[in-house]
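Protein sequences appear in the order of chains A and B. Counting from 1, one number per residue, gives the positions in the first sequence under the numbering used here. Counting from 119, one number per residue, gives the positions in the second sequence under the numbering used here.
If you are wondering where the hints come from, they were derived from the structure by calculation, not from laboratory data. No residue lacks a Cβ here, since even glycine has one placed at the ideal position from N, Cα and C. Mixed in with the good hints there might be a few duds.
[What the hints assert, rightly or not] Beta-carbon label-pair distances, calculated as ranges:
#: 1; chain 1: A; residue 1: 72; chain 2: B; residue 2: 174; range: 29 to 35 Å
#: 2; chain 1: A; residue 1: 59; chain 2: B; residue 2: 169; range: 30 to 36 Å
#: 3; chain 1: A; residue 1: 7; chain 2: B; residue 2: 133; range: 33 to 39 Å
[What the hints assert, rightly or not] Facing chain B, according to a computed beta carbon distance under 7 Å, are these residues of chain A, among others:
#: 4; residue: 34
#: 5; residue: 46
#: 6; residue: 49
#: 7; residue: 93
#: 8; residue: 106
#: 9; residue: 107
#: 10; residue: 111
#: 11; residue: 112
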Amino acid sequence: GAVVSQHPSRVICKSGTSVKIECRSLDFQATTMFWYRQFPKQSLMLMATSNEGSKATYEQGVEKDKFLINHASLTLSTLTVTSAHPEDSSFYICSAREGGPGRDTEAFFGQGTRLTVV
Amino acid sequence: GENVEQHPSTLSVQEGDSAVIKCTYSDSASNYFPWYKQELGKGPQLIIDIRSNVGEKKDQRIAVTLNKTAKHFSLHITETQPEDSAVYFCAASQYVSGGGADGLTFGKGTHLIIQP
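In isolation and in its complexed conformation, chain A is listed as follows (with noise of 0.2 Å):
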């Protein structure tokens, strides 16, 4: 089955610095990934949605400056949480699905990365 890497799988940062989480399919090529929140004990809410080439759309409440998405490459799509808080401690996981014509699929979800601000 498709296979869909996170890096770092956890990472503590210190409050005010940004942090970057890479998102990558390694067998496919991703035409939209998508970026998830999970707080402890709790569901996955979707934070942006992004297209290979063009700008992310963000849900409702996601401040974009914030949570930058770059899908630069079919590939790759990484998350930068930017001056980081404690409240923005979370399990962040991204998402992929290949798309296009003819070859629809389901999204194939990574492993997760466990931010910690402290």
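Keeping the supplied structure of chain A fixed, place chain B upon it in accordance with the hints.
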């Protein structure tokens, strides 16, 4: 937007018994309903999905049923085993031919506990 309700939040069953988790959705345009299993500290893993052109789908011990009129769908796990213990999430979205599934709206999750 879509709203997905999931029940129960916790479900404890004896090993070998069946487990049923139910979800309802609000957006009649949704036509794709996947179920995910999530273990602690890991990303969700797709276990089964159904599209609105079918009413039931089965894969070994796992089945999903969909009632589009009532806007609800259920996950059925038979002959439960200890390794089935995890958090299960239902989700809903729109699935476009040639495009794939849109971003998912998830239920709040069900913590399934299999008692030995």
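Outcome of the hint check:
1. A:72 with B:174: 29 to 35 Å: violated (42 Å)
2. A:59 with B:169: 30 to 36 Å: Roughly 23 Å apart at Cβ, these two residues miss the hinted range, so it is violated.
3. A:7 with B:133: 33 to 39 Å: At roughly 37 Å between Cβ atoms, residue 133 (chain B) and residue 7 (chain A) fall inside 33 to 39 Å, so the hint holds.
4. 34: Because about 5 Å separates residue 34 (chain A) from the closest Cβ in chain B, which is inside the 7 Å limit, the hint holds.
5. 46: holds (4 Å)
6. 49: holds (5 Å)
7. 93: holds (5 Å)
8. 106: Holds: closest Cβ of chain B sits about 5 Å from residue 106 (chain A), inside 7 Å.
9. 107: With a minimum Cβ separation of about 5 Å from chain B (threshold 7 Å), the hint on residue 107 (chain A) holds.
10. 111: holds (5 Å)
11. 112: holds (4 Å)
In summary, the structure is inconsistent with hints 1 and 2 from the numbered list given earlier, while agreeing with the others.
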